[in-house]
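Number of protein chains: 2
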Amino acid sequence: MNLLLLKDNDFIAPGRVKISDRRFLQLRDIIKLENGKTFRAGMTGGNIGSATVAEFTGEYAVMDVAPFTLPPPEPAKITLVCALPRPQTFHKVLHCAITMGVKKIWFIHSRKVEKSYWQSSVLQDEAVDREIQLALEQCGDTIYPEIFYRNRFKPFAEDEFPLLRADADAAIFGHPRASEVPENFTGKRLVLLVGPEGGFSDYEVELFSNAGATAVTLGQRVLRTEFATAALLAKLI
Amino acid sequence: MNLLLLKDNDFIAPGRVKISDRRFLQLRDIIKLENGKTFRAGMTGGNIGSATVAEFTGEYAVMDVAPFTLPPPEPAKITLVCALPRPQTFHKVLHCAITMGVKKIWFIHSRKVEKSYWQSSVLQDEAVDREIQLALEQCGDTIYPEIFYRNRFKPFAEDEFPLLRADADAAIFGHPRASEVPENFTGKRLVLLVGPEGGFSDYEVELFSNAGATAVTLGQRVLRTEFATAALLAKLI
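Chains R and V, in that order, give the protein sequences. Take any residue in the first sequence, note its place counting from 1, add 399, and you have its number in our numbering. Take any residue in the second sequence, note its place counting from 1, add 399, and you have its number in our numbering.
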């Protein structure tokens, strides 16, 4: 936890918060509480500052917060569109994208995505919300990403993707037999498409290409989805 | 598994292998075996080609292999020096580095590395060997990395790091208050230092800086070690 992420209902008085949930346990057990100790803190959706321990027990901590004045880090100008990863990978990709500053994340169906993935409990709101909080606390950000789920490929690719593409400077997708990531994409407003294990099908590639997406490669090696996402984002941000 | 990684003792006759271990289970349960089905395969430490299923049962598969003629992918020209991550992160970092083509990986002590990490079972040869195989199978490579462990910081930093530095075009380390990764480092022979959660101490930073390492940043956000490694490698390869 590199930032204590606060919500309105943590406040018990103006400038004073009381926490007793997962965040408290992490402060108590890992970061260690001491009276007067100061932590980096931020308001969900707002600014960043610090919180100072006023009192604590084994069950809760009360902290004083000065008005938060620092803005959160700049968001990445990248919309991530990712074929829904297998359940054990989904939170890793989500975490990676959020900690790298992505604020718009689409999970879509694709031919090589197993239908059962859409039923997984990892997609439930509560599990996703928890991962978002962990990721924001990790990277020191306060702004929630927007997450969209589309379990039908065609309507997404034909109707929604062209709108995302039109709103960006470029759209790119990873493909083993493409050229390297062009340097002049760095820092642009981009849509990044990340395929499933095994890649987008030829039909899917054609659809995205026709809608104005460019194929790029990270080289010959096939990376796990979470590392491919990290590597492509790093090349583009 | 994107490549079936074979060893000498898999051969039961010239051009014929029999496998019944973890690799077999993966082919049987995930990739699905069929007579005549062909898989990408490679010799550990050697070339890449294909293997064709000749017969299989629920217990083993026999496959015919033509002589392997394709060389493995080019190694990355980067030596990774990573403060030993916590046990649950160690294999992720190892996997990431291997799949991104790093062939020399040093795990070193650093002030913010807990001493207990050095006793973890994840460092045992067998566990490491398994992760190396999984990573090579994932990325489609056959060349084992060399892995070095140094559980004392000072002798490494003072005696060994300068030699690594002298052997490379540049050495860099991640630091929150530095400039962005210079573009002209891409593709060079590099030493990449990745700090522990919480970063290298001021003393450690000074030692590496004095020995010719340059501080770079990935931005304001603090990434998990495995994603910081992926992102820095992607910027540099």
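Errors might be hidden in some of the hints.
Identical chains share a label here; the pair holds if one copy fits it or two copies do between them.
Claimed, not checked - Simulated crosslink set (BS3-like; lysine-lysine; CA at most 27 Å straight-line):
hint, residue 1, residue 2
1, K436, K511
2, K417, K476
3, K503, K436
4, K553, K511
5, K514, K587
6, K514, K436
7, K514, K417
8, K431, K476
9, K431, K514
10, K503, K431
11, K406, K511
12, K406, K503
13, K417, K503
14, K406, K476
15, K431, K511
16, K431, K587
17, K406, K587
18, K514, K476
19, K587, K417
Worth flagging that the hints you see were computed from the coordinates, not collected in a lab.
- Is the C-alpha distance from K436 to K511 at most 27 Å within one copy, between copies, in both cases, or in neither? So K436 and K511 pass the 27 Å test across copies only (19 Å; inside, 50 Å).
- Query: Quick one: K514 to K436, C-alpha cut-off 27 Å, is that within a copy, between copies, both, or neither?
  - Reply: between (49 Å within a copy, 25 Å between copies)
- Item | 27 Å Cα threshold - placement of K511 relative to K406 | The answer is neither: 39 Å in one copy and 31 Å across copies each exceed 27 Å.
- At 27 Å max between alpha carbons, let me know whether K431 reaches K514 within a copy, between copies, both or neither. Answer is between; shortest inter-copy Cα gap is 18 Å, intra-copy 44 Å.
- Within, between, both or neither, where K431 and K511 count as close if Cα-Cα is 27 Å or less: Only across copies: K431 and K511 sit 15 Å apart there, 45 Å inside one copy, limit 27 Å.
- Message: My question is about K553 and K511: at a cut-off of 27 Å on alpha-carbon distance, are they close within one copy, between copies, both, or neither?
- Response: Classified as within; 14 Å inside a copy, 49 Å across copies.
- From the Cα coordinates, with 27 Å as the cut-off, is the pair K406 and K587 best called within, between, both, or neither? So K406 and K587 fail the 27 Å test inside a copy (32 Å) and across (46 Å) alike.
- How would you classify K406 and K503 at a CA-CA limit of 27 Å: within, between, both, or neither? within (21 Å within a copy, 45 Å between copies)
- Task: If the cutoff is 27 Å on CA atoms, where do K503 and K431 land: within, between, both or neither? Let me know, please.
- Result: neither (34 Å within a copy, 36 Å between copies)
- Indicate which option fits the pair K417, K476 if close means a Cα-Cα distance not exceeding 27 Å: within, between, both or neither. Classified as neither: same-chain Cα gap 35 Å, cross-chain 50 Å, threshold 27 Å.
- Query: With identical chains treated as interchangeable, where does the CA-CA distance between K514 and K587 reach 27 Å or less: within a copy, between copies, both, or neither?
  - Reply: neither (34 Å within a copy, 43 Å between copies)
- At 27 Å max between alpha carbons, let me know whether K406 reaches K476 within a copy, between copies, both or neither. within (26 Å within a copy, 46 Å between copies)
Checked against the numbered hints above, the structure violates hints 2, 3, 5, 7, 8, 10, 11, 13, 16, 17, 18 and 19; every other hint is satisfied.
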